[in-house]
Structures are given as structure tokens and as C-alpha cells.
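Engineer: The residues making up each chain are set out below.
Protein chains: 2
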Amino acid sequence: MTNPVYNFSAGPATLPKEVMLKAQAEFVDFRGIGFGLIEASHRGPAFQQIIDEAEADLREIAGIPDTYSVLFLQGGASTQFAMIPMNLMVDGKPALYADTGAWAAKALKEAKLFGDARAVFSGKQDNYTTIAPSTEWEGMTGDAAYLYICSNNTIFGTQYHDVPEIDGVPLIADMSSDILCRPFDVNKFGMFFAGAQKNLGPAGVTVVVIRKDLAERAKASIPTMLNYNTHIDTGSMFNTPPVFAIYMVGLVLKWIKEKGGLAAMDKANRAKAALLYDFIDHSDAYYGPANPANRSLMNVTFRLNNPDLEPAFIEQASAIGLKSLKGHRSVGGMRASIYNAMPKAGVEKLVEFMADFAKKNA
Amino acid sequence: MTNPVYNFSAGPATLPKEVMLKAQAEFVDFRGIGFGLIEASHRGPAFQQIIDEAEADLREIAGIPDTYSVLFLQGGASTQFAMIPMNLMVDGKPALYADTGAWAAKALKEAKLFGDARAVFSGKQDNYTTIAPSTEWEGMTGDAAYLYICSNNTIFGTQYHDVPEIDGVPLIADMSSDILCRPFDVNKFGMFFAGAQKNLGPAGVTVVVIRKDLAERAKASIPTMLNYNTHIDTGSMFNTPPVFAIYMVGLVLKWIKEKGGLAAMDKANRAKAALLYDFIDHSDAYYGPANPANRSLMNVTFRLNNPDLEPAFIEQASAIGLKSLKGHRSVGGMRASIYNAMPKAGVEKLVEFMADFAKKNA
Numbered sequence: 406m407t408n409p410v411y412n413f414s415a416g417p418a419t420l421p422k423e424v425m426l427k428a429q430a431e432f433v434d435f436r437g438i439g440f441g442l443i444e445a446s447h448r449g450p451a452f453q454q455i456i457d458e459a460e461a462d463l464r465e466i467a468g469i470p471d472t473y474s475v476l477f478l479q480g481g482a483s484t485q486f487a488m489i490p491m492n493l494m495v496d497g498k499p500a501l502y503a504d505t506g507a508w509a510a511k512a513l514k515e516a517k518l519f520g521d522a523r524a525v526f527s528g529k530q531d532n533y534t535t536i537a538p539s540t541e542w543e544g545m546t547g548d549a550a551y552l553y554i555c556s557n558n559t560i561f562g563t564q565y566h567d568v569p570e571i572d573g574v575p576l577i578a579d580m581s582s583d584i585l586c587r588p589f590d591v592n593k594f595g596m597f598f599a600g601a602q603k604n605l606g607p608a609g610v611t612v613v614v615i616r617k618d619l620a621e622r623a624k625a626s627i628p629t630m631l632n633y634n635t636h637i638d639t640g641s642m643f644n645t646p647p648v649f650a651i652y653m654v655g656l657v658l659k660w661i662k663e664k665g666g667l668a669a670m671d672k673a674n675r676a677k678a679a680l681l682y683d684f685i686d687h688s689d690a691y692y693g694p695a696n697p698a699n700r701s702l703m704n705v706t707f708r709l710n711n712p713d714l715e716p717a718f719i720e721q722a723s724a725i726g727l728k729s730l731k732g733h734r735s736v737g738g739m740r741a742s743i744y745n746a747m748p749k750a751g752v753e754k755l756v757e758f759m760a761d762f763a764k765k766n767a
Numbered sequence: 406m407t408n409p410v411y412n413f414s415a416g417p418a419t420l421p422k423e424v425m426l427k428a429q430a431e432f433v434d435f436r437g438i439g440f441g442l443i444e445a446s447h448r449g450p451a452f453q454q455i456i457d458e459a460e461a462d463l464r465e466i467a468g469i470p471d472t473y474s475v476l477f478l479q480g481g482a483s484t485q486f487a488m489i490p491m492n493l494m495v496d497g498k499p500a501l502y503a504d505t506g507a508w509a510a511k512a513l514k515e516a517k518l519f520g521d522a523r524a525v526f527s528g529k530q531d532n533y534t535t536i537a538p539s540t541e542w543e544g545m546t547g548d549a550a551y552l553y554i555c556s557n558n559t560i561f562g563t564q565y566h567d568v569p570e571i572d573g574v575p576l577i578a579d580m581s582s583d584i585l586c587r588p589f590d591v592n593k594f595g596m597f598f599a600g601a602q603k604n605l606g607p608a609g610v611t612v613v614v615i616r617k618d619l620a621e622r623a624k625a626s627i628p629t630m631l632n633y634n635t636h637i638d639t640g641s642m643f644n645t646p647p648v649f650a651i652y653m654v655g656l657v658l659k660w661i662k663e664k665g666g667l668a669a670m671d672k673a674n675r676a677k678a679a680l681l682y683d684f685i686d687h688s689d690a691y692y693g694p695a696n697p698a699n700r701s702l703m704n705v706t707f708r709l710n711n712p713d714l715e716p717a718f719i720e721q722a723s724a725i726g727l728k729s730l731k732g733h734r735s736v737g738g739m740r741a742s743i744y745n746a747m748p749k750a751g752v753e754k755l756v757e758f759m760a761d762f763a764k765k766n767a
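Just so you know, the sequences run in chain order E and Y. Take any residue in the first sequence, note its place counting from 1, add 405, and you have its number in this note's numbering. Take any residue in the second sequence, note its place counting from 1, add 405, and you have its number in this note's numbering.
For the record, the hints were derived by calculation from the structure and aren't laboratory data.
Which copy is meant is left open, so a pair is good if it fits within one copy or across any two.
Calculated cross-link-like contacts (lysine to any residue; reagent style SDA-like; alpha-carbon spacing at most 20 Å):
#1 LYS617 x PHE643
#2 LYS511 x ASN634
#3 LYS422 x ILE438
#4 LYS511 x GLY640
#5 LYS517 x SER626
#6 LYS749 x VAL410
#7 LYS511 x THR639
#8 LYS511 x ALA625
#9 LYS662 x ASP590
#10 LYS514 x THR639
#11 LYS624 x PHE519
#12 LYS498 x PHE519
#13 LYS754 x ALA724
#14 LYS593 x VAL475
#15 LYS511 x MET642
#16 LYS422 x PHE432
#17 LYS514 x VAL495
#18 LYS511 x SER626
#19 LYS427 x GLY439
#20 LYS517 x LYS624
#21 LYS754 x VAL410
#22 LYS517 x ASN632
#23 LYS517 x ALA623
#24 LYS422 x PHE435
#25 LYS511 x ILE637
#26 LYS514 x SER626
#27 LYS422 x VAL433
#28 LYS662 x GLY468
#29 LYS624 x GLY520
#30 LYS593 x VAL568
Can you build the whole structure from these sequences, using the hints too?
Structural biologist: Written as C-alpha cells, this is what we have:
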């Protein structure tokens, strides 16, 4: 028997094995319709049921009230970086951004194309290893159009464990790399969104959850496809949606429910992360660059004290089936992305390999 | 043995059976990497090869020179309706649109948000059954920023069989529903594009082919994701692309090559369309609303002389495995979408059923 392969890619990322097998089994003939769902009209009953169930399951899992719309859009988080200021900026009010990493910085840069967007915090001088408490942020005015955060910083391995609040100011979060990793209070957010390809499904669909009254800010002059109300008014079917990607998200949501919902995800994710962080903290060979208070449950970044060994580490890990452990090209080192779908056995095997590699190279 | 099922959906649409079986076979373990391509990093070697081959195969099939960029984008043709004027309008010059159907009309409406966009023709008063020769169009000035057409009108079953030209004015075509159905001269176009979900693959990716010098018109103030140059400069990987949809397009392109390229597609498509149109023309029970000179090879619209029988036609056809024959909700009647992937046997079975239905209801 060959070794099982564990895919630690930051995204597109590993999906639950059960989901992959189910999608494969019904790929060519979807539940008896005689052809694949990927070939089926989005206006037909098969897909309508898929998208309706995906929305209902997401609402149930995350506790999303009717005052919010759930949208399935294209274009990735990067398109949201433009849609958010286009739709939600308010004349005369600043939009506030916490710059906690490359993706937050891109969102801020994009917002500046549209109006008064300001950083209330930047972790850049610390190589984004730290998210300072929001009590220390500057310019946190109650007169802001919104406050924007990136809840988990995939590249740097940091994550918010409390969300900032300004009374009366909508909080917007890019949750691309940690959505549904743990319970959270939807009501603290005016909007949150996630490119699916990390914790929700495959690349090609972005889930947007937005408070309906907030979407009403959008001006009619916004291009049709970039106006949230277009998609709210048409149930995400103004034009042909990414049918297969939404179907896969639907399967992942059902998998989360079967596993016990967000409480179960949280428990499993904490156990996996603890395994890795505890090992790193007790090791003489490895260290984690992220500030311990801001460590991510999803993306564990780590380095070898002897960085010259890192290419060998990545290569040898890959050879035994531990794939895609190379850190982001902008920071180097290693990164283990351990999203909901990563089994604990994968992390155990990684820790075992890390111990073995350290011993051999001591 | 159950009847084979033929899916005449206008999009998402039937895909070649060989493509569906191959995608299913390698879904869970892609060519030995130990996991699915849908789970693989877009920065890894497996996907890079997929997107490179898809581009190379499209260039080979359609004869696309190096002076054009090939892009794989998200957001569907509807997003192109905004990107085209944002990127390609020129101050002081009109953008010309031929309004030959609902999608062309939407493109024109969107362009009006950005500047001086004008209809040079409208088929609306004829219920879009006719595309008048471009020699009869009005306002065809050589001082235009571009001339825009929709090469095939899915809803109405009409198609251009010659493309209009204005010397020195880039021609832009929405080819969503007829790309690669027949040979065509790329050099006549400044840009053409297609949502994949009709003739190229699944929903979720839009292929854009644009002359590089034309893309240089785009102003730097355009939102990053909506600027063609962003995607030209990054090989369609500024952000995570729709990996699986691009892979499926790649499989369809290889299938087209194996079948003999565009000449073979053309021959097969003409044979299928002739079967249907000849039957309709010789029938007392059916008629085709589209002007014969503008009939589409891809979407055959037809009516029963007794429209009261249409619901029964659609229901009985579905019962014997002829699916999604209902016309677009805005026009009623029937529509058989017979894209590249529809086998001739499907059209033969449809014609047989049409004859049988007419006889029973004479």
C-alpha cells in the first residue's frame, strides 16, 4: 500500500475525502438525471435545490439571520476588494482598514481608488507577525463608513481571536482562510466574505454574507455585476453562476453539519494546531515567526533555525506524501495549512516527520 | 437498458462524454499526485501545465497569433459587458453596438454607464428574429472606439454568418454561444470572449482573447481585477483562478483537436443543424421564427403551429430523454441547443420524436 498523501496547500486546498468521493460518484450522472450537474441548466430544478440547500446549510451552520443576504459570486476576494468600497463607502466618511498582511494591504490599496481609505493599524514594520490589540489602533472614529479586517492572514500565519468593534460602524471581514473554522457571532459583522478555495470548497466561488440594510448604500451607477443588490435581487443568478463550485461548497457544508458543526470544527482545529505549535515550542530546531497571541488555527508558519535546511525539509516531506509545505514565496520558510478538511492524521504524520528530520540533522 | 439522455440545455450545456468520463476518472487522484486537481495549488506544476496547455491548444485550434493575449477570467460575459467600456472606450469617440438580442442589449446598456455608447442596429422591433446586413446599419463611423456584436443570439436562435467591419475600428464579439463552432478569422477581431458554459466547458470561467495593443488603452485608475492588463501581466493568475473550470475547458479543447479541429466541428454542426431545419421547413406542424438567413447553427428555436401543444411536446420529449427543450422564458416555444458536444444521434432522436409528435397530434 502506498503512503497516504496529505496536501497542506494554502489554497486551493484539501477537501474532505468523503466530499471528493461523492462528487466523483455522481459526476457523470447526477442523481439519476442522466447527465452531470456540471452540464445542467442553472435554471433547472437540480441546481436550484443545490443552491437553496447550500444557502440554508450555511445559515444554519453559522447562525445567519434573515436580515443578511447570502451570495455566491465570482471573482475571488480580490474582486470584493473593489466591490466593498464601490458599494459601501459613504461620501465624507473615511473607510478604516487594519493592515495585517498582504491581502489586507491589497484591499486598502484598492479602496484608495474610490475615496478616503485609511489604515488604523499596520503590522508591516513587524513583517506582519503581530496583530496589535484594536485598543491600540489609531483613528478609530465612530464616523467611519466601515471598518475592514482580514480575519486570518494566510501568508503570515496570524489570526484575530477577538474582533475589533466601533459602535455604529459596520465591521467587514475577509474570512477567506478561516471561515467556519470555529463558532463566531455573525451579528458583529456588517459583511463577511470568503473565497471558497480554502475552507469552503474549490476555487471559483466567493461566499458573501451582507446585512441587507448595508447593501442599500450602493448607488445605482455601479456596474451591474459589481452591485451587491444585483445579486441579492436575483438569488445569485443574475447571470450563470459557477454551478459546480457552488455544488462542491454545498457538499462541504453538509460534511460540516455531519461532523457536528462549528463546535466540532473548532475542537478538531484546536487539537491539530496545538499538536504543531506545542511541538514547535518544545523544539530546538524549529520556531514559529508569528506572535503567539495571534497564531492562526489554519495556517501554521514555521522556520528551521538553520534556514539552509529548509529546501531539504520541503523536498523530503514531499517525498513521503506531505505536500505543499513551502511557505509563501514572499516570506519563505514553511507553512502547514490545516483547514477543516485536513485530518488529524496528517498533522500527526507531519509532526513525526519534523521530529525525525530534526534528529537526523542535529 | 435505459434510453440515452440528450441534454439540449442552452447553458450550462452538454459536454463531450469522453471529457466527462476522463474528468471523473482522475477526479480524486489527479494523474498520480495523490489528490484532486480541484484541491491543488494554482501555483503548483500540475495546474501550471493545465493552463499552459489550454492556452496553447486554444491558440492552435483558433489560429490565435502572439499579438493577442488569451485570458481565463471569472464573472461571465456579464462582467465583460462592464470591463469592455471601462478598458476600451476612448474619450470623444462613440462605442458602437449592434443590438441583436437580449445579451447584446445588456452589453449596450452597461456601456452607457461609462460613456457614449450607441446602437447602430436594433432587431428589437422584429423580436430579434433578424440580423440586418451591416451595410444597412446606421452611424457606422470610422471614428468609433470599437464596434461590438454578439455573434450568436442564444435566446432567439440567430447567428452572424459574416462579421461587420469598419476600417480601423476594433471589432469586439461576444462569442459565448458559438465560439469554436466553425473556423473563423481571428485577425478580424480586436477582442472576442466567451462564457465557457456553452461550447467550451462548464460555467465559472470566461475566455477572453484580446489584441495586446488594444488592452493598452486601459487607464491605470480602473479597479485592479477589472483591468485586462492585470490578467495579461500575470498569466490569468493575479489571484486564484477557477482551477477546475479551466481544467475542464482544457479537456474540451483536446477533444476538439482529436475530433479534427474547427473544420470537423463545422461539418458536424452543419449536418446537425440541417437535419433540424430541413425537418422544420418541410413540416406542417412546426415553424422556425428566426429569419432563415440568420439561423443559428447552435440554438435552433422552433414553434408548433398550435402553440397549445407546446407544453405537451416539452413534457413528452423529456419523458423519453430529450431534456431542456423549453425555449427561453422571455420568448416561449422550444429551443434545441446543439453545441459541439451534442452528438448527431441526439438530433436524430429529436427529429424522430418531432415527427412522431406531429403525427399523433395531427
